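Number of protein chains: 4
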Amino acid sequence: MRRIGIVTSGGDAPGMNAAIRAIARLAAWSGMEVIGFERGWSGVIRNEYVLLEPRAVSGILHLGGTILKTSRCPEFKTREGVEKAARSIAEDDLDALIVIGGDGSIRGAHELSKLTDAAIIALPASIDNDVYGTDETIGFDTAVNTALTEINKIRDTAVSLERTFIVEVMGRNRGFLASEIGLTAGAEVILVPEIPYNEEVILERLRRDAAKGKRSSIIVIAEGVGKTRELAEAIERKVGVEVRISILGYVQRGGSPTARSRHLASVFAEKAIELLLDGERSRVVGIQGGRITSVSLAEACSNQKPLNLEILKLAEKLAI
Amino acid sequence: MRRIGIVTSGGDAPGMNAAIRAIARLAAWSGMEVIGFERGWSGVIRNEYVLLEPRAVSGILHLGGTILKTSRCPEFKTREGVEKAARSIAEDDLDALIVIGGDGSIRGAHELSKLTDAAIIALPASIDNDVYGTDETIGFDTAVNTALTEINKIRDTAVSLERTFIVEVMGRNRGFLASEIGLTAGAEVILVPEIPYNEEVILERLRRDAAKGKRSSIIVIAEGVGKTRELAEAIERKVGVEVRISILGYVQRGGSPTARSRHLASVFAEKAIELLLDGERSRVVGIQGGRITSVSLAEACSNQKPLNLEILKLAEKLAI
Amino acid sequence: MRRIGIVTSGGDAPGMNAAIRAIARLAAWSGMEVIGFERGWSGVIRNEYVLLEPRAVSGILHLGGTILKTSRCPEFKTREGVEKAARSIAEDDLDALIVIGGDGSIRGAHELSKLTDAAIIALPASIDNDVYGTDETIGFDTAVNTALTEINKIRDTAVSLERTFIVEVMGRNRGFLASEIGLTAGAEVILVPEIPYNEEVILERLRRDAAKGKRSSIIVIAEGVGKTRELAEAIERKVGVEVRISILGYVQRGGSPTARSRHLASVFAEKAIELLLDGERSRVVGIQGGRITSVSLAEACSNQKPLNLEILKLAEKLAI
Amino acid sequence: MRRIGIVTSGGDAPGMNAAIRAIARLAAWSGMEVIGFERGWSGVIRNEYVLLEPRAVSGILHLGGTILKTSRCPEFKTREGVEKAARSIAEDDLDALIVIGGDGSIRGAHELSKLTDAAIIALPASIDNDVYGTDETIGFDTAVNTALTEINKIRDTAVSLERTFIVEVMGRNRGFLASEIGLTAGAEVILVPEIPYNEEVILERLRRDAAKGKRSSIIVIAEGVGKTRELAEAIERKVGVEVRISILGYVQRGGSPTARSRHLASVFAEKAIELLLDGERSRVVGIQGGRITSVSLAEACSNQKPLNLEILKLAEKLAI
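Chains as they are written, first to last, in the working numbering: chain A, 540 to 859; chain B, 540 to 859; chain C, 540 to 859; chain D, 540 to 859.
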């Protein structure tokens, strides 16, 4: 291992910079030279990169986003795109590429690993937490906390105006964010894509709350459920309480990473370098049961991480 | 002055609780008894209130929302509604009512003042800052700072993904929030209801920026402009850059009041009590040129506060 | 199990209210009545309590501190004190007492469990994280994040004035806070009570940094090391750089609990109720390797939780 | 005006970067070239600077500290130092120097203005707010809000443990910070250097509070009063309540500037450029009664800004 590359790909997540910093510095301790591709896979394909010396990653630990920038890169979804990326790796004489990103990026990493001799190691970084092989991704904890701060503010108005608020959080296919936010914000109702939408159950719950004199509720819904407006109208019409919608949106992606997101970035980076030194070739780093582990890229891509439904049951009991 | 009432009305604003606390305590120093009507005008109409002794308002200074709750009250827009409110004031033997709220609440206060002998004093509290007779309302500074925090987070993604973000802020009719947020967030474009929407000018600006290599922009738009989605599509189609929309929404209403919102709440409350002791009957408290002043309810209701267009010109120059 | 008590004891920790809420509500689901003793052990001794019905714990999930209040109670360190507490439990006809607190509180719980037939279950809540049997206590994650926010601000001045800052964090006996804060804040030096203080090593490190042109450093030191001022003087005198001291202090105890602190509070509470329903009598709830578990009070009191020294090694490598 | 310099001097204040950005960009609109001296007066003396083109100040608006860095510079307090600075200005062919800093920096600017033909314009930026000729300095509002956030957290513990907290805030000679923080945090006692310290009055106040059942208080004290520890001991001994001290320290200097600090930075910069274009030579920009104005450097240096004692009286009435 003399020369390795880093790429941040897909949506940005808080802690990506902490991971870049950790990789660049730990690799330097092992005598490796590190380059950083710019703008995600697109930068790998076009072979656009910067040198990442240890001092070049100063002052970025606490910053959201990624100094390497990222992009959605349709070209990398084609065979030609992946081949071009493999060619860049060969041209740059890289022994390994470390991919920092979410579910889609890891699938890309898997495809690339089939066409290159370089080791490909993925670090799961995504606010969605939807990566198989790790209990938590870099950035997830930050996004949950950001949403809590927002909901704290929304609750001021919900309580003062005695309104029901539907708070739509990110999560196109998975409910990890919605369920964790819902539990920790004390939401009365939590809706995730994994559980079929049943309007009548929700309305019944809200009617019971209203009957008990509860005058303001928070409903947390993953965007992937796709029923935000429909539900708002149903509640107003059938329960007779006023509803407001708040879509948290891109705010959830940003902000300074929490301690936990920075911690994961640091120990994941350490593990990635270890795997490289051990001669591993295509792994996804992760944390499982409190231990830093890894699974193969193939395994990560062929399995779906289950949602912990116990969280939802507990949240429901807690929001009496 | 032996007995006075307080009501918080319309949309909630951070600092309303600071104002309630200040009035309750300063009134007590002058030997007045204070009651707080609940749920805005609706509580006045139904004569629902709580006693506000000095210790009853402990621990609320830093809370968003309003402990007296608020509501939109269509009944108060009718002659009958206002008469009922006047009757409550008489029944409760109130010498004065202090109304804490925005533009609409002050209009309500004005109507009420015509039908009651009690003094009616208004304290402008609104995130919209659209009250004539005061340079700034309680809550405005908090809402601007909340929006800045949000935009800081959005900028992480804007820069990392090199996208243009349209950030829609509150302001149905007026651009006070949008212009102040735009200036202090360093927005490239600021759109307010007071200035006719001119798409071509905006696109030209963005084209120039793109030509200079500027790859991410923030556009702040007041919701009242009503062109958010239209503009996003126009930019994508005609400038050829990717656009994302973020609607800040109700988050702007909430949160712990800033020092400035708390300060205004305190000195406005002091002025209100002074006006009452001076025998004034229908005034709106305000700050003008750094001095705490007041105008008559009639004057506040028959004038429109001008938007400072210099702010927009300065903002444009600063976002080169 | 028909009737149980809750007490929060020792220093307050963010998430104690989340734990109170979760216990009160989950116990109600199992048909238990719940009372909350006020002011820690002192309230148990004097048998001062309030009834905690499910709706009585509304609106407290996001609040720092503890609505039950807490205190240091020297009387409870005597045999008489513990006996009085046991008598209160008998008088109140309690089947169980749930103790929410840190290391000292758990020792107290253990003593009490020897003198009462009621089940005693402890929930570890402490910003210090120094409880055996759990990887993490309620409140620890919040305190770490609070410190990060502070250090972010201090770094502005450190960088602008090119100063070295010594940041003293809490931790009289243990370095859990200091090591986690140091790692995630990117501190150049981390000093914990578990490792003998070696001034020369620190000075050598700072000299090397200065020689490399690094002009501002952050040193995180646990208060228990007791060398804050001594070190500042040594650096100024022997390395020749200006040093400033910042003692974070009580700020670390407060604030709205993070998602993780709230999450732990919720699942710890769930486990506590489960243990009670299973007939367990004297346990400390915890999280170990990602699983919610428990150890006996005796075991928790006779073992010391080890500090993960790997964190310090990693932090040192990362702060090149 | 073809070429101007900027220097940030003294302690850093949030919003200095906003001011640098605004000056660099507004000057460019008027066709001026702008250089930024590094490390305060020391950089002027050594003639060390960077070119500040409009795009060079991108992405700094929201950052605390100063990208130009700052320093305390004893050499500039000597005649030789000021002469060297004047020489640098001549060598660099500067028509003007804009000095961003507090009271000390403005005195320095005044001395320099006597030895150079270049125009010297000062922008008051200081968390202390102790500059004559302006109601508010850049950075003051941020520092007050930072302190409020800290005190919010401290209050969690103060209330939970029923302790009295003495919070020491910055302010070596003046009480602007302490009085504004005290008012807006709802402090029970506020101590400033401008008012002689009278222990008995404070103790009497706390005794009365204790008699009324008030169990936790916040005392805000400016560091310049110099009685923090003494007072703590007196309260414990003579009032019999437990006291904790929290020294906010350097945290108050840092952090992202608030909207108001950024706003002032922008309009002060605009005024500075205007003054230069109008041929003014030695002025301090300021805001007075809501209007952007200026006074001569001589006037600013020969007068002392009065503390508004009404604020203290109001605060005392509010903290019943």
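Watch out, some of these pointers could steer you wrong.
[Stated by the list, open to error] Just a few of them, taken from the derived set where beta-carbon distance is under 7 Å, the chain D residues facing chain C: (1) D551; (2) G603; (3) D695; (4) S699; (5) V790.
It is worth saying that the hints were derived from the structure and are not from the lab. Source: prediction; values computed, not measured. Even glycine gets a Cβ: it sits at the ideal position worked out from N, Cα and C.
Hint-by-hint comparison with the structure:
1. Given the 7 Å rule on beta carbons, the hint for D:D551 holds: about 4 Å separates it from the nearest Cβ of chain C.
2. Evaluation of the D:G603 hint against chain C yields a held restraint, the C-beta minimum of about 3 Å falling below 7 Å.
3. Checking D:D695 against chain C by beta carbon gives a least distance of about 4 Å; that is within 7 Å, so the hint holds.
4. Of the supplied interface hints, the one on D:S699 holds, with its beta-carbon coming within about 4 Å of a beta-carbon of chain C, less than 7 Å.
5. For D:V790, the suggested interface contact is upheld, since its CB lies about 5 Å from the closest CB of chain C, less than 7 Å.
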